[in-house]
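S.K.: Sequence:
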Amino acid sequence: MKLNRMPEELLPAIYDVAIESCRQFAAENDPEYWKNKIDQIKQEALWQTAFYINGDQMAKWINRKCLSPKVR
Numbered sequence: 092m093k094l095n096r097m098p099e100e101l102l103p104a105i106y107d108v109a110i111e112s113c114r115q116f117a118a119e120n121d122p123e124y125w126k127n128k129i130d131q132i133k134q135e136a137l138w139q140t141a142f143y144i145n146g147d148q149m150a151k152w153i154n155r156k157c158l159s160p161k162v163r
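Counting with the numbering used here, you get residues 92 to 163 for the letters of the sequence shown.
Don't read these hints as lab results, they were simulated from the structure.
Please note: incorrect hints may appear among the correct ones.
[To be verified] Capping the alpha-carbon separation at 20 Å, the derived lysine to aspartate or glutamate pairs in EDC-like fashion look like this: (1) K128 <-> D107; (2) K133 <-> E111; (3) K133 <-> D107; (4) K128 <-> E111; (5) K126 <-> E111; (6) K133 <-> E123; (7) K126 <-> D107.
Owing to the predicted nature of the structure, the values given are computational and were not obtained by experimental measurement.
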């Protein structure tokens, strides 16, 4: 399985779009919920970046730990 690396320069743009979307909703809804949502988006983006940077190793680990035992 071959996964492409996510360019690190895209990460700030992902943050900006996600955070701005949350802020627009926060103006109309519960601000604390959306503050937490922004933090969650940051953590998820960091995880996704780590996944794609080490994509081949992560894919092998998932296959070995999660998928292979279910096939047997």
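S.K.: Now, for every hint given, state plainly whether the structure supports it.
M.R.: Here is how each hint holds up against the structure:
For the suggested pair K128 and D107, the alpha carbons sit about 13 Å apart, so the restraint of at most 20 Å is met. A hinted pair counts as satisfied when its Cα atoms are at most 20 Å apart, and K133 with E111 qualifies at roughly 13 Å. At roughly 10 Å between alpha-carbon atoms, K133 and D107 fall within 20 Å of each other, so this suggested pair holds. Our distance criterion of 20 Å between C-alpha atoms is met by K128 and E111, whose separation comes to about 12 Å.
Under the criterion of a C-alpha separation no larger than 20 Å, the hint pairing K126 with E111 is consistent with the structure, at around 11 Å. For the given pair, K133 sits about 16 Å from E123 by alpha-carbon distance, which is consistent with the 20 Å threshold. With a C-alpha separation of about 14 Å, the suggested pairing of K126 with D107 holds against the 20 Å cut-off.
Violated hints: none; the structure is consistent with every hint.
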